[in-house]
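Student: Spelled out, the chains give:
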Amino acid sequence: MAIATTAEPTRRDMLFIATGAAAAVAVSSVAWPLISQMNPDASTIAAGAPIDVDLKAIPEGGIVTVKWRGKPIFVRHRTKKEIDEAAKAPLAGMPDPQADSARVQKPEWLVVIGVCTHLGCIPLGTAGSRGEYDGWFCPCHGSVYDTSGRIRKGPAPKNLEVPAYAFATDTKLTIG
Amino acid sequence: MSGPSTFVPKSALGRWFESRLPLGGLIHSSFIVYPTPRNLNYWWTFGGILSFMLVAQIVTGIVLAMHYTPHVDYAFLSVEHIMRDVNWGWLIRYAHANGASMFFVAVYIHMFRGLYYGSYKAPREILWILGVIIYLLMMATGFMGYVLPWGQMSFWGATVITNLFSAIPLVGDAITTWLWGGYSVDNPTLNRFFSLHFLLPFMIAGVVVLHVWALHVVGQNNPDGIEVKNTERDTLSFTPYATGKDSFALVCFMIFYAWFVFYTPNFLGHADNYIEANPLSTPAHIVPEWYYLPFYAILRAVPSKLGGVTLMFSAIVVLAFLPWLDTSRVRSAKYRPMYKVFFWAFVAACIGLGYLGAQPPEGGYVIAARLLTVYYFGFFIIIMPLLGLFETPKPLPASIADAVLGKGGLAAAQH
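Listed in order, the protein sequences are those of chains A and B. Numbers given in our numbering equal positions in the first sequence, counted from 1, plus 1417. Numbers given in our numbering equal positions in the second sequence, counted from 1, plus 84.
Honestly, I wouldn't trust all of these hints.
[Stated by the list, open to error] Straight-line C-alpha distance at most 20 Å; calculated SDA-like pairs for lysine to any residue:
{"id": "1", "chain 1": "A", "residue 1": "Lys1575", "chain 2": "B", "residue 2": "Tyr267"}
{"id": "2", "chain 1": "A", "residue 1": "Lys1575", "chain 2": "B", "residue 2": "Thr411"}
{"id": "3", "chain 1": "A", "residue 1": "Lys1575", "chain 2": "B", "residue 2": "Asp257"}
{"id": "4", "chain 1": "A", "residue 1": "Lys1484", "chain 2": "B", "residue 2": "Val156"}
{"id": "5", "chain 1": "B", "residue 1": "Lys478", "chain 2": "B", "residue 2": "Ala368"}
{"id": "6", "chain 1": "A", "residue 1": "Lys1575", "chain 2": "B", "residue 2": "Pro253"}
Note that these hints are calculated values from the structure, not bench results.
Okay, chain B solo, but in the shape it has when bound:
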């Protein structure tokens, strides 16, 4: 979509620099004149929000690392030290802890948007798979970050999750010992989790660059799911149109984020994590952070350790195969009446699994989790492939301009 830059800096110094390193041209072609479909709605603003959240997490995280001590004897105390003694420490820690939740709120909206509008379909398969990789890295980062305060949930969450690897036949125990650096979750585990928690966000940033690069090669999908045919008629320049809309959405999102930080900073956390880790006492009810709950429900729905672990990881891996599981040639659910129904049922199933993941693993909860797990996988491996064959899509508009402006909008679009 982005052709060779025609950017010429105004100042002589700018031209001197540009001829040696065309940074201005890169920014100009990627974020100023880059053509965006003119029908993009607010669901398309979450990419910008996610970029902001990544930067916010890195900035607050680096500051927290200046005051935190990754040692089993001091970690819990150093977090309290941040909360009580460090200037503005409470703000920075709450911003970081709630920032992780906001990051996941935004990524889930971003993913469901892709699912609804068929953003994973050709030619955007690589773009989508890079997104799945970012999501996996986010989950690993969030998990290791939650271990660092060394509370009861930190410790027992780490124990449960690292034990997932012991389900691997033959080498499982050796892998678990290797991950721990000992015979159980202990100081070496905490120390390496701190190191990796510091590293992974920069790896995410690297994959984000690839994600944005891939996006700028194939161009954005849009609510009508039809390709740009005429750049003049169908698109608007990134600046000011997308930048303006993204900025406004970001401000609204920040109000939501700030509300958590300032009014209910522990709402998304767990009270047990304010008790220091005790390797000899398991809390009565281990619950992961909310953003892992649907997967935790799938894990517990299976009455077999290896089966549960396999299914849980499959629930994420299946996303990477989505471009080939969906056989419909129509992208957007706007023109897919049956898919739309199954999609919203899928959203409800994910929320339902999230609720069940927080409940005790017994009785009706387990049965409900099994039913929803069947729907989760059925949606991807049965409904998606078959729907393309049986569904009659609605007629697609001839162009993005037609979709937005109506058939008579041609003249208006050319102002």
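This is chain A alone, in the form it adopts within the complex:
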């Protein structure tokens, strides 16, 4: 082999390349199913179908938490004061500046995924533990959100995520 100086490829060269090519195809075609099986399966995806929320049950100033795709969704019936605070807050200086109008479809209803964008804890939203911007406070690492679910202080990099949702009727919200 060390003195294979023939100009013509030998039968051994051909077999070597063909075997190598077949092995590469085989490895990649087996690797993909082995990697892909870790992604959400059909039943998990099916269980993540849209859900409905009855808005009549949420009084003004109230926050209802519903579970969707294993995560809490905060549906907040904002008061006039909370809407004003969210609309008037200066965007300059926010870690993730975004106008309140871009985060809601109807100003009185704020719908956000209740998962801190830092490391996934659930921010507190009961009266008295909402943090200095009257929104949410994450107890794990101290992130503070405002009444639009925007990050104002602490290590979280982004605002609370707004899920896909639609008002099926005036009193029925469909999340997903």
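Since chain A is already given, all that's left is putting chain B on it; use the hints.
Tutor: Coordinates of chain B only, in the frame set by chain A:
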């Protein structure tokens, strides 16, 4: 260090077997006549202790797997079933849970010993890096094992740690979903963590074989950090000297371990983990197991998600570069007066970070964590390289025998 074996079994059957598979010769050359430096102190017994702990964890773990159910509806209950119904289940579970802590106690002592005596320096770089890989595998194994009881700390620890990967730009969210097998930590996550928690200890065992192999190629470092020059004078055979010393240290360590198992089995755990996982309620204060606390403190010291995650992983990865960051030609801190001071300050910084990792992330705690994080990295990337240039080491002894027996010990060493 180990030459070709001259081992000849005594029995005819032994010789018949040896000529077909030289297993006896391998054991004889590796664990009986293998030369160990005669100045090894008790800090060198932790390799044996760690080997024992790995076996103990595998044995207790396999038994626990016979009674545990990796499903979100049954996992928590099956752990209580082990505690209350399974014969001796309480003992086996407490031995396993505290065994993980003891494993980390031993590995931290082992690592600090390497750091103090310069065991990572040439020709032991590969040996050291294999150790760093074992440590990483241990951390992954310990983390996944802590998720299995499916208590509140299990669930929220898993949530926080898997979310670390979402800090990766562009592909972070896809990676996190892939790790979860869903939209959050849920049944698929628990199930795969169980599978991987079962697998990883055997991978650790594999890397341990490489670690020991590399050790037996280059030979052990020693408290004086000088190479063996004369096997006759500088070394003693592994058996009975090292085996005896290792066994005695192991018994002492077992007393320490048993004290936790029998007298305060939940001291190192967290009470919240006796509350079943609830995806809709985060505990007021999420704390990882004690052995991750220094890294958790580094994560929280940085006011940026990606920055914190990067720094936390760097804190471990930097260890692998140690052989090239340390510019001093002298190995042992025994002969490095300045390094010795910085080393003990580093130990104090690690303990300090561990304390801060358990405190709430606010006010003075965060500032202290930032200062100690700066020292942690400064020790490796500023102090280590510069010290080799500025420090004047003390004179090294001519040989290990001289260090142990004094200059007049030559005759004594040859008995």
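Student: With reference to the structure, classify each hint as holding or not holding.
Tutor: So, going through the hints one by one against the coordinates:
| no. | hint | in the structure |
| --- | --- | --- |
| 1 | A:Lys1575 <-> B:Tyr267 | holds (18 Å) |
| 2 | A:Lys1575 <-> B:Thr411 | violated (43 Å) |
| 3 | A:Lys1575 <-> B:Asp257 | holds (13 Å) |
| 4 | A:Lys1484 <-> B:Val156 | holds (16 Å) |
| 5 | B:Lys478 <-> B:Ala368 | violated (52 Å) |
| 6 | A:Lys1575 <-> B:Pro253 | holds (13 Å) |
The structure fails hints 2 and 5 (numbered hints given earlier, in ascending order).
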